[in-house]
Amino acid sequence: MKLDIVFAGVGGQGIVVLSDIFCEAAMLDGFDVTKAEIHGMAQRGGSVTAFARISEKVETPLIETGKVNIIIGFEILETTRALHMLTPDGTVIVNTKYLKPNNFSKNIKPKTQQELLSIIKNAATNIYEVNASNMANQLGNNLTTNTILLGALSALHNMPIKRESFEKAIAAKLKEKYLQINMQAFELGRQSVQNNVHKT
Amino acid sequence: MTSKITTNKPGSFILLNGDEAVARGAIEADIKVATAYPGTPSTEILETLSKAAKTLNFYAEWSVNEIISTTIAAGASMTGARAIVSMKHVGLNVASDAVMTLAYTGTEGGLVIVVCDDPALHSSQNEQDTRYFAVHSKLPLLDAGNPQEALNMTKEAFNISESLHLPIILRLTTRVAHGKAKVQIGNFQKLERKISFDKNGSRWVMIPVNATRQHNVLEEKLVEAKKISENFTFNTIEDNNSEVGIIGSGVGYYYARSVLDTKKFSWLKLGFIHPFPTELVKKFAAKVKQLIVIEELRPYIEENLQRLKLDVTGKTALNLSEIGEYTPDKIREALAKLNLTEKTSTPTAIVGLQPRPPNLCPGCTHRAFYYALNSVNQHVACDSSKCIGCRTCEKICSFEKTHISDASKARIHVTRINNADHIAITCQTCPNAPCVTSCNNGALSKSVKTGLISVDENKCIGCGLCVKACSYGAMVLDSGKRKVFVCDTCQGDPACVKHCPRYALTLVGRSDDKIVAGDIGCYTLGVLPPLNTVQTCLCMGGGISQAAGMVHAGVNGKVFAVIGDSTFFHAGMPGLLNIVYNRANVCVIILDNRIVAMTGHQPTPASGQTAMGDTAKSVSIPEIVRSIGIDKIVTVDPYDVKATIEAIRETLTYDGPCVIITQRPCPLISERGRPYEITEKCGSCGLCTTQFGCPAIITQINDENSNNSNDDATMPVVGRAEIDSSLCNGCGVCASICPHNAIVPLVGRKD
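First to last, the protein sequences are chains A and B.
If you read the first sequence in the numbering used here, its first letter stands for residue 62, the second for the next number, and so on.
If you read the second sequence in the numbering used here, its first letter stands for residue 5, the second for the next number, and so on.
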């Protein structure tokens, strides 16, 4: 069993923390793991990508282009930017939130949310659109967005990590007072994939 | 979970990055002192150690720079204690004066110098390869390729240091330091050390007679070091009876393994890199027909093999660069060319996507300051794509200035630039002001403070020379009074901007009329659009002296140097003292946000807290600046843009070195304010997005179909700006600069 995952989004969205929780969960189930991140100099607001690899034995933190099994997109433009990493039969879970960057270069015409979605649909076969940002706002805390995405990831049919291990890893990472709402968020994320309503 | 680092369960596995693994190795080796100055990607070493220090009874500190952290660790080692100092690669340059001679004095307790290189410059100003510093300083160097090696090598480095009585350099690269992996932890050593200093040891006193002797001692130690390197646990051969042998170090070695069928090749992984294990390498080379070297940055191993007269397939043959970092993709491509592995088709990235470059964060105090610095010299600018030639600006201007609506009395004029487009033009406050130089009567002058042109009506004879000199047609001759007049931006609050029905006019600043030397920190990002304020970035503390150099060379106009609070403590204070002593007319701006922000918010000498969480004296930057000898010091709140502009203008007429201190904590360590929203008063003038550039303010993109239904062809294509409340920090600076009062606190939200 080998699973290579890319987490793609914008600095400040919690990409690093979420990929850490994923790796901790994988370790609880006995996997070897590696993790790497690509981000620029900025503390917030730049493109951020994290790679997580789980297998019996993993030697390198980076993944070859075109060999990623799953992309977890925290934001739709960054998801599109990561698409070339994916295998032809790979899976994309995308938070449909669009954080539009300011366009200081007049040469590039900004794409609409619909345009980006159709690029994603052309490039991947298994796509789960999860409106995690909206779901998190409805839940009352937009910081639970990434826990919803983790829930969605955990519920994929080929996910070898046990649900309990995800929950233990979340509990070990978060402060007590945020735990209940994050467990709710995790469950919401699971349902969004299990119900399969968003699968296209 | 910082507690995992202190877990006393030898043999168990935890998820650690390379930095944390070094920290764990140091803890297991029973260090007594740990020091560092923050620097990506090495910061997490001391960050991790400082959190464990009290529990495990050792000392950890953030020192003010790398040579201080190194000499503190050296001092601890001289008493017999084990000590570790960590830094980024360029930090080693700062520490090098100490390190070069520490090689001569040697050490007592184990001393490990951890240096993190940054191939591909993820967050650095160069790509230097520390393996060559080991050659330069004659110090042993270990090169770790993953977090497990980082832990094991750290622990072992203390033993080697104590057997050789030499500091050991442990090198990581960004992928090792910031990559996480499952790491097996070991047991805690318990050393019973008597801490004392040998006051009679002449080896500590590097006067020539002693230093010459110690240089000989160092050469003898290197002979011993080479023996260790030949048999080092982390120099390992995996002999698979292959004709092709691959030698590598660092993370590149593991990339090669991941793209090859490992059983078909023989492998030599080098961990102890300097002194180079020549006998081990010769033994390996004798077993294979082809030797391939995989190493990032400079060809260190390759050159050593060539020195042994071995035939090497290295960087040139593999077409692998010394620039940037290796990736599995690059290594596969290189080895596929030699038919050692399959070339797989790699999909190409999707093109035409908007980039998302690094940016100053929402609420950043530096953005507010740079906006103010750019706004010292402002003029009214017109977006011709929005201007419809209605001439409202002309009417408003003449009414504002003469109380009658008469376009000939206006300071702004609409011109047709082609069949369809118009533009409104007024004074651009050109840095060289041809109008002023054309006047024979000295009637025109350009304000040093605001850049605006003013007319002395007593001297103006209405000759019209300036009207001809201005290529913008901004000088206007009042034919009745025989005097010229020109835009004065209505003292920074222009009526034309407020009343333009198409929001085509904005009051913009300029970044091209002043020299702004930069330094190392978040604020270097002020080089990027739309601010474009910062013009240099060389090294820690370099900006002040670069600015002084320009002044002494005779450059025109005021020269500014910006520097952060932590960089000021690190290397800025001597530069400031030097411009006082040598009287350079530089305005130094200390951007004090109370923290080392870029590396993840470590305390500074002004934070009032030590690395271990104890209360510290909070030193006062204004007091330091005054005591250094600066007579003119202005402190401002950078969120108060108007006051900041005034403070900068004040320094423009001051002759001599002066200092502005902007005081406000980094928004990431402050309570988040109530977010703001943009109301329907917004007419997309673009000031907040194209001049200020906060990433929380986003220009809406009109869908293509809405363009078709739009019967008004002159409507701008960009939509209204909006604020993403999840990103907005609530600083309110955008609201204070919006000329149309269109930005207000979000209603119905308490936070």
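These are computed hints drawn from the structure, not numbers from a lab.
Just so you know, not all the hints are guaranteed correct.
[Claimed, not checked] Restricting the straight-line Cα-Cα distance to at most 25 Å, the calculated cross-link-like pairs of lysine to aspartate or glutamate (DMTMM-like) are:
| no. | chain 1 | residue 1 | chain 2 | residue 2 |
| --- | --- | --- | --- | --- |
| 1 | B | 13 | B | 34 |
| 2 | B | 8 | A | 125 |
| 3 | B | 485 | B | 516 |
| 4 | B | 413 | B | 497 |
| 5 | B | 334 | A | 120 |
| 6 | A | 118 | B | 654 |
| 7 | B | 685 | B | 497 |
| 8 | A | 128 | B | 497 |
| 9 | B | 142 | B | 242 |
| 10 | B | 293 | B | 283 |
| 11 | A | 118 | B | 387 |
| 12 | B | 636 | B | 654 |
| 13 | B | 405 | A | 90 |
| 14 | B | 267 | A | 81 |
| 15 | A | 118 | B | 243 |
| 16 | B | 685 | B | 346 |
| 17 | B | 341 | B | 243 |
| 18 | B | 13 | A | 120 |
| 19 | B | 267 | B | 224 |
| 20 | B | 319 | A | 120 |
| 21 | B | 268 | A | 90 |
| 22 | B | 347 | A | 90 |
| 23 | B | 273 | A | 90 |
| 24 | B | 286 | B | 247 |
| 25 | A | 118 | B | 34 |
| 26 | A | 170 | B | 728 |
| 27 | A | 118 | B | 337 |
| 28 | B | 413 | B | 387 |
| 29 | B | 55 | A | 117 |
| 30 | B | 13 | A | 125 |
Going down the list of hints, with the structure as the test:
no.: 1; hint: B:13 - B:34; verdict: 16 Å, holds
no.: 2; hint: B:8 - A:125; verdict: 31 Å, violated
no.: 3; hint: B:485 - B:516; verdict: 35 Å, violated
no.: 4; hint: B:413 - B:497; verdict: 19 Å, holds
no.: 5; hint: B:334 - A:120; verdict: 16 Å, holds
no.: 6; hint: A:118 - B:654; verdict: 64 Å, violated
no.: 7; hint: B:685 - B:497; verdict: 17 Å, holds
no.: 8; hint: A:128 - B:497; verdict: 57 Å, violated
no.: 9; hint: B:142 - B:242; verdict: 29 Å, violated
no.: 10; hint: B:293 - B:283; verdict: 17 Å, holds
no.: 11; hint: A:118 - B:387; verdict: 59 Å, violated
no.: 12; hint: B:636 - B:654; verdict: 10 Å, holds
no.: 13; hint: B:405 - A:90; verdict: 77 Å, violated
no.: 14; hint: B:267 - A:81; verdict: 32 Å, violated
no.: 15; hint: A:118 - B:243; verdict: 20 Å, holds
no.: 16; hint: B:685 - B:346; verdict: 61 Å, violated
no.: 17; hint: B:341 - B:243; verdict: 24 Å, holds
no.: 18; hint: B:13 - A:120; verdict: 24 Å, holds
no.: 19; hint: B:267 - B:224; verdict: 40 Å, violated
no.: 20; hint: B:319 - A:120; verdict: 23 Å, holds
no.: 21; hint: B:268 - A:90; verdict: 32 Å, violated
no.: 22; hint: B:347 - A:90; verdict: 34 Å, violated
no.: 23; hint: B:273 - A:90; verdict: 30 Å, violated
no.: 24; hint: B:286 - B:247; verdict: 15 Å, holds
no.: 25; hint: A:118 - B:34; verdict: 31 Å, violated
no.: 26; hint: A:170 - B:728; verdict: 21 Å, holds
no.: 27; hint: A:118 - B:337; verdict: 23 Å, holds
no.: 28; hint: B:413 - B:387; verdict: 23 Å, holds
no.: 29; hint: B:55 - A:117; verdict: 32 Å, violated
no.: 30; hint: B:13 - A:125; verdict: 35 Å, violated
Hint check: violations occur at hints 2, 3, 6, 8, 9, 11, 13, 14, 16, 19, 21, 22, 23, 25, 29 and 30; the rest are consistent with the structure.
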